[in-house]
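There are 2 protein chains.
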Amino acid sequence: MKASRFFIGTLKEAPADAEIVSHKLMIRAGMIRRVAGGIYNYLPVGLRSIRKVEQIVREEMNRAGAIELLMPAVQPAELWQESGRWEQYGPELLRFKDRKQTDFVMGPTHEEVVTDIARNQIKSYRQMPVNFYQVQTKFRDEIRPRFGVMRGREFIMKDAYSFDKDVDGLKLSYQKMYDAYVRIFTRLGLNFRAVVADNGSIGGSGSHEFHVIAETGEDDIAYCPDSDFAANVEATEALPLIAERAAPAEALTKTSTPGAAKCEAVAKLLDIPLEKTIKSIILATDNEGEGAEPTIWLLMLRGDHDLNEIKAGKIEGLKGFRMATEAEIIEWFGTPPGYLGPLNTKKPVKVIADLTVANMSDFVVGSNEVDFHTTGVNWGRDLPEPVVADIRNVKKGDPSPDGKGVIDICRGIEVGHVFQLGTKYSDAMGATFLAENGKPAPMQMGCYGIGVTRILGAAIEQNFDDKGIIWPESIAPFQVVVCPMGLDRSELVREHAERVYNELVEAGIDVILDDRGERPGVMFADWELIGVPHRLVIGDRGLKEGKIEYQGRRDTEATLLPAEEAAATVAQKVKAALQA
Amino acid sequence: MKASRFFIGTLKEAPADAEIVSHKLMIRAGMIRRVAGGIYNYLPVGLRSIRKVEQIVREEMNRAGAIELLMPAVQPAELWQESGRWEQYGPELLRFKDRKQTDFVMGPTHEEVVTDIARNQIKSYRQMPVNFYQVQTKFRDEIRPRFGVMRGREFIMKDAYSFDKDVDGLKLSYQKMYDAYVRIFTRLGLNFRAVVADNGSIGGSGSHEFHVIAETGEDDIAYCPDSDFAANVEATEALPLIAERAAPAEALTKTSTPGAAKCEAVAKLLDIPLEKTIKSIILATDNEGEGAEPTIWLLMLRGDHDLNEIKAGKIEGLKGFRMATEAEIIEWFGTPPGYLGPLNTKKPVKVIADLTVANMSDFVVGSNEVDFHTTGVNWGRDLPEPVVADIRNVKKGDPSPDGKGVIDICRGIEVGHVFQLGTKYSDAMGATFLAENGKPAPMQMGCYGIGVTRILGAAIEQNFDDKGIIWPESIAPFQVVVCPMGLDRSELVREHAERVYNELVEAGIDVILDDRGERPGVMFADWELIGVPHRLVIGDRGLKEGKIEYQGRRDTEATLLPAEEAAATVAQKVKAALQA
Numbered sequence: 001m002k003a004s005r006f007f008i009g010t011l012k013e014a015p016a017d018a019e020i021v022s023h024k025l026m027i028r029a030g031m032i033r034r035v036a037g038g039i040y041n042y043l044p045v046g047l048r049s050i051r052k053v054e055q056i057v058r059e060e061m062n063r064a065g066a067i068e069l070l071m072p073a074v075q076p077a078e079l080w081q082e083s084g085r086w087e088q089y090g091p092e093l094l095r096f097k098d099r100k101q102t103d104f105v106m107g108p109t110h111e112e113v114v115t116d117i118a119r120n121q122i123k124s125y126r127q128m129p130v131n132f133y134q135v136q137t138k139f140r141d142e143i144r145p146r147f148g149v150m151r152g153r154e155f156i157m158k159d160a161y162s163f164d165k166d167v168d169g170l171k172l173s174y175q176k177m178y179d180a181y182v183r184i185f186t187r188l189g190l191n192f193r194a195v196v197a198d199n200g201s202i203g204g205s206g207s208h209e210f211h212v213i214a215e216t217g218e219d220d221i222a223y224c225p226d227s228d229f230a231a232n233v234e235a236t237e238a239l240p241l242i243a244e245r246a247a248p249a250e251a252l253t254k255t256s257t258p259g260a261a262k263c264e265a266v267a268k269l270l271d272i273p274l275e276k277t278i279k280s281i282i283l284a285t286d287n288e289g290e291g292a293e294p295t296i297w298l299l300m301l302r303g304d305h306d307l308n309e310i311k312a313g314k315i316e317g318l319k320g321f322r323m324a325t326e327a328e329i330i331e332w333f334g335t336p337p338g339y340l341g342p343l344n345t346k347k348p349v350k351v352i353a354d355l356t357v358a359n360m361s362d363f364v365v366g367s368n369e370v371d372f373h374t375t376g377v378n379w380g381r382d383l384p385e386p387v388v389a390d391i392r393n394v395k396k397g398d399p400s401p402d403g404k405g406v407i408d409i410c411r412g413i414e415v416g417h418v419f420q421l422g423t424k425y426s427d428a429m430g431a432t433f434l435a436e437n438g439k440p441a442p443m444q445m446g447c448y449g450i451g452v453t454r455i456l457g458a459a460i461e462q463n464f465d466d467k468g469i470i471w472p473e474s475i476a477p478f479q480v481v482v483c484p485m486g487l488d489r490s491e492l493v494r495e496h497a498e499r500v501y502n503e504l505v506e507a508g509i510d511v512i513l514d515d516r517g518e519r520p521g522v523m524f525a526d527w528e529l530i531g532v533p534h535r536l537v538i539g540d541r542g543l544k545e546g547k548i549e550y551q552g553r554r555d556t557e558a559t560l561l562p563a564e565e566a567a568a569t570v571a572q573k574v575k576a577a578l579q580a
Numbered sequence: 001m002k003a004s005r006f007f008i009g010t011l012k013e014a015p016a017d018a019e020i021v022s023h024k025l026m027i028r029a030g031m032i033r034r035v036a037g038g039i040y041n042y043l044p045v046g047l048r049s050i051r052k053v054e055q056i057v058r059e060e061m062n063r064a065g066a067i068e069l070l071m072p073a074v075q076p077a078e079l080w081q082e083s084g085r086w087e088q089y090g091p092e093l094l095r096f097k098d099r100k101q102t103d104f105v106m107g108p109t110h111e112e113v114v115t116d117i118a119r120n121q122i123k124s125y126r127q128m129p130v131n132f133y134q135v136q137t138k139f140r141d142e143i144r145p146r147f148g149v150m151r152g153r154e155f156i157m158k159d160a161y162s163f164d165k166d167v168d169g170l171k172l173s174y175q176k177m178y179d180a181y182v183r184i185f186t187r188l189g190l191n192f193r194a195v196v197a198d199n200g201s202i203g204g205s206g207s208h209e210f211h212v213i214a215e216t217g218e219d220d221i222a223y224c225p226d227s228d229f230a231a232n233v234e235a236t237e238a239l240p241l242i243a244e245r246a247a248p249a250e251a252l253t254k255t256s257t258p259g260a261a262k263c264e265a266v267a268k269l270l271d272i273p274l275e276k277t278i279k280s281i282i283l284a285t286d287n288e289g290e291g292a293e294p295t296i297w298l299l300m301l302r303g304d305h306d307l308n309e310i311k312a313g314k315i316e317g318l319k320g321f322r323m324a325t326e327a328e329i330i331e332w333f334g335t336p337p338g339y340l341g342p343l344n345t346k347k348p349v350k351v352i353a354d355l356t357v358a359n360m361s362d363f364v365v366g367s368n369e370v371d372f373h374t375t376g377v378n379w380g381r382d383l384p385e386p387v388v389a390d391i392r393n394v395k396k397g398d399p400s401p402d403g404k405g406v407i408d409i410c411r412g413i414e415v416g417h418v419f420q421l422g423t424k425y426s427d428a429m430g431a432t433f434l435a436e437n438g439k440p441a442p443m444q445m446g447c448y449g450i451g452v453t454r455i456l457g458a459a460i461e462q463n464f465d466d467k468g469i470i471w472p473e474s475i476a477p478f479q480v481v482v483c484p485m486g487l488d489r490s491e492l493v494r495e496h497a498e499r500v501y502n503e504l505v506e507a508g509i510d511v512i513l514d515d516r517g518e519r520p521g522v523m524f525a526d527w528e529l530i531g532v533p534h535r536l537v538i539g540d541r542g543l544k545e546g547k548i549e550y551q552g553r554r555d556t557e558a559t560l561l562p563a564e565e566a567a568a569t570v571a572q573k574v575k576a577a578l579q580a
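The listed protein sequences correspond, in order, to chains A and B. Sequential numbering of the first sequence, starting at 1, is according to full-length UniProt numbering. Sequential numbering of the second sequence, starting at 1, is according to full-length UniProt numbering.
Watch out, some of these pointers could steer you wrong.
Copies of the same chain are indistinguishable here, so a pair counts whether it falls within one copy or spans any two.
What the hints assert, rightly or not - Distance condition first, Cα-Cα at most 20 Å in a straight line; then the derived EDC-like pairs of lysine to aspartate or glutamate:
| hint | residue 1 | residue 2 |
| --- | --- | --- |
| 1 | 97 | 87 |
| 2 | 404 | 306 |
| 3 | 2 | 557 |
| 4 | 319 | 215 |
| 5 | 268 | 166 |
| 6 | 396 | 234 |
| 7 | 467 | 331 |
Hints are computed from structural coordinates only; laboratory data are not their basis.
When you get a sec, could you build the whole thing from the sequences and use the hints?
If you want it as structure tokens, here you go:
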């Protein structure tokens with residue numbers, strides 16, 4: 001491509017509504033332009049990167065045996081009524097009526113349409129497994145679209161849907177997609193992790209998210225650097241940190257702890273490790289019947305641990321819990337929040353101890369009296385044996401649930417999701433087939449999404465500096481830029497620029513020749529902003545010594561290459577990076 | 001591709017709502033499936049053909065210097081309000097509100113969005129010409145969607161928009177697109193014509209339609225087999241068929257023509273050529289003021305000619321005309337319709353003579369009396385000299401307007417349209433740039449559409465037989481199918497099938513190996529229905545004699561090829577067809 005025949009729409013300033021770096025840089029690099037909230041034009045530079053992502057996604061989906069088709073953006077409401085999502089889906093589902101007043105939706109996802117295809121096309125177990133995928137424009141009417149392509153309303157997704165005759169087949173289809181996703185994100189040159197999203201009901205995980213690791217990510221991910229374990233912190237099992245409970249050694253002692261309402265302050269005041277203190281969290285669940293008292297729960301966590309509300313909500317009786325009110329705390333504990341504990345409550349409370357707390361001994365709890373804590377507390381002796389559950393978030397240094405090392409925490413941006421749907425849609429929509437035993441059975445479905453446009457934002461969040469984007473070679477809108485200095489003045493420069501450009505084209509490199517006639521400073525700033533990974537600068541001064549200047553986008557300095565070898569050397573660098 | 005890893009959804013019967021052959025065959029061949037009225041799934045076989053069309057379109061658009069981007073399907077109403085089309089566009093424009101009650105539309109076309117891009121990005125004449133294009137999903141809420149992809153609601157279009165600094169630039173951009181379209185439809189292997197759609201205001205045509213020639217087409221096209229002239233019949237100039245008016249030779253004679261209300265009957269009864277008779281068409285235009293009488297018009301056409309209502313509507317005073325009522329005809333002519341003419345009308349009428357009629361002499365008109373005509377009528381002697389205009393449709397055998405031969409008529413399906421918009425949108429939306437003289441000027445725009453999905457339908461309407469579709473090599477979902485006979489029984493067949501398949505893949509041919517294990521009859525019927533242009537049948541009987549059976553989709557019989565040369569021979573056939 002020659003820049004004079006292309007459209008480069010770089011900007012000096014990002015708009016005020018761009019909050020995060022990828023949004024700012026995509027606007028400034030001329031990749032996207034806002035049309036309305038969460039709705040963008042993909043300008044030529046941006047579209048090139050999108051197409052490269054799509055191409056890699058397609059190649060790996062095809063390699064995994066998935067078959068491409070294309071479903072419509074506009075879907076009849078009747079399919080959504082069949083699945084039940086017409087009622088269940090919130091206002092993110094854009095609904096409208098056509099000129100005949102028939103209800104339609106703009107598809108945020110295509111389970112209904114693809115299940116309709118499957119129930120019409122698949123009659124026998126012999127026709128499965130089958131996996132249909134598409135790369136398609138979706139719409140989700142986000143309440144607060146922002147972050148550019150990271151949380152847009154109209155966006156491009158690859159969505160795939162597998163159909164199997166049984167659960168074993170589904171697991172195999174799921175694994176194929178999992179493997180394909182690993183290949184896709186590897187080829188895209190992204191630092192990513194497959195993360196357990198949900199522990200599933202029976203036998204292993206039914207869902208993985210694929211996260212690009214970036215400090216600006218929205219999700220906390222627990223991972224083990226020594227194994228391939230990774231899970232959303234919310235979904236990670238927190239093992240007990242104490243293997244066996246020690247026998248009581250201290251006497252139960254009420255101690256003055258003036259002003260030390262928090263565990264950290266208690267530990268400091270008493271000069272004991274934070275790991276000896278207990279955090280008491282008071283929850284309430286409402287009971288049926290007019291005027292019925294709520295049930296009050298005391299959840300005990302070690303002082304350095306935090307409550308995982310999702311885990312707490314899964315405990316029997318705690319579904320739909322709420323924080324207890326101050327009035328309730330005073331009524332049940334006889335004291336306002338700050339010095340609470342399980343000893344001598346005014347009214348009975350249900351105590352749940354975290355797995356680690358259950359194995360502690362000689363620990364410190366609030367005395368249910370302002371400015372007092374009780375030390376030397378022990379299960380069995382001072383308190384009845386508690387109900388025990390995993391109710392905390394894992395933290396850095398915890399043992400990995402797979403037993404292969406310790407946990408570290410990072411932040412991630414979700415760019416892919418694989419999910420075992422089972423028979424949710426096939427049951428609702430009557431997608432059955434004739435099984436080998438001659439009887440009808442519901443198809444086992446999986447769904448597999450990749451946010452194509454979102455990947456651009458995630459890749460930038462992971463790869464940028466103060467000059468602009470730093471693209472992986474696989475997604476870069478151009479892999480190499482050739483910048484001739486004084487193209488209009490020097491025939492020599494023109495000749496070499498054309499030669500190098502043509503050599504790169506012939507080597508299959510996606511190269512742009514900047515023949516716009518801009519000043520060097522403008523050229524360099526544009527291509528650094530756009531994030532082209534490799535730059536060749538061709539000028540009279542270098543050519544006199546038979547040299548062309550090369551600089552990688554992450555390099556702090558340029559190096560000189562022999563002019564005749566420059567194209568081949570850079571082509572080699574690109575290919576090496578793509579294979580890395 | 002191996003068929004066992006692909007999805008083939010052929011059907012024995014087409015649904016009842018499929019009226020035309022392309023719709024029936026696309027359903028039966030498993031290319032499309034209805035989701036709602038005018039909304040389809042593109043199944044794997046169909047999507048392959050769509051992608052091939054898209055690829056050719058992209059290559060030629062890029063070659064012509066157009067730059068690809070991607071605009072959103074969902075567009076804010078405010079842009080349409082700016083252009084004025086929010087009010088002008090009928091109910092085919094799908095309008096809806098998002099969750100914040102803001103008005104949006106599903107884009108049927110993108111002039112507004114692209115003009116918004118241009119006015120933000122193009123500041124100087126130096127940035128033009130520029131031509132942006134996209135391949136994108138559009139929505140038009142057709143009142144009566146039908147004919148499958150030929151008149152759908154959701155469909156894929158390539159739309160391009162050029163921006164130039166002046167009219168000369170626009171004409172150049174337009175010509176480049178015209179030339180690109182000729183290359184595109186040629187490469188697609190379609191029999192097509194570029195057709196003048198509108199004579200434009202000044203200096204040549206401002207609009208061409210590209211039509212695929214097919215008997216089932218919706219449009220009548222006049223073309224000259226001896227030149228490249230082609231135009232919609234509605235827009236084709238009808239030259240006078242008589243060069244000079246002859247002097248009167250007959251006396252004016254009122255003649256009894258009982259029951260001969262039509263020109264054909266009069267000619268037969270009087271034993272004269274139909275070309276001597278005149279057809280009188282009575283139009284009315286309403287005048288302002290309460291109780292004002294309409295103006296009644298008598299349009300005179302030769303007996304073998306038909307009125308062109310578009311041309312008539314352009315005559316001064318006739319804009320918005322209607323057919324006169326029977327009551328009006330009786331009031332103005334003193335007789336009901338059937339024997340009308342310009343002689344002795346009861347009240348004054350405005351007479352318009354077609355160019356041919358104006359040069360006739362000794363002609364026959366109705367006498368304004370039931371069962372009577374008047375012969376030997378002559379201008380000047382019996383009637384005042386008429387107002388003369390081109391008011392008829394051309395017909396086969398007429399002189400071509402370019403003076404290079406005679407007209408023939410065919411039917412066509414519009415698959416592309418190029419249009420000089422001028423400053424319509426730039427004026428309405430303030431898309432100006434700084435011209436060379438330092439002053440702001442509106443951009444000159446052109447727009448250029450190709451109906452990607454429609455092309456599939458049009459190609460089928462042009463290429464089918466009673467077995468199914470006959471694809472041009474360039475659009476075929478697969479170019480070659482290899483059908484092994486008894487794959488499970490014969491190792492020899494399997495070896496040769498794999499070898500031939502691999503050789504074709506290596507030759508860059510898009511081949512499918514039918515390894516489904518179906519019976520020969522099923523295989524042949526499927527691939528003939530799907531329309532694969534080349535078929536190789538590999539069986540033990542042939543292989544024993546070193547032969548593989550070849551049959552082109554249009555061939556009535558198979559031929560035998562040496563087994564070792566079969567792949568190369570077929571690859572050669574495909575490549576020859578693509579270059580033809």
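Now the hints, each set against the structure:
no.: 1; hint: 97 with 87; verdict: both (16 Å within a copy, 19 Å between copies)
no.: 2; hint: 404 with 306; verdict: neither (23 Å within a copy, 89 Å between copies)
no.: 3; hint: 2 with 557; verdict: neither (26 Å within a copy, 51 Å between copies)
no.: 4; hint: 319 with 215; verdict: neither (32 Å within a copy, 68 Å between copies)
no.: 5; hint: 268 with 166; verdict: neither (58 Å within a copy, 79 Å between copies)
no.: 6; hint: 396 with 234; verdict: within (14 Å within a copy, 78 Å between copies)
no.: 7; hint: 467 with 331; verdict: neither (59 Å within a copy, 84 Å between copies)
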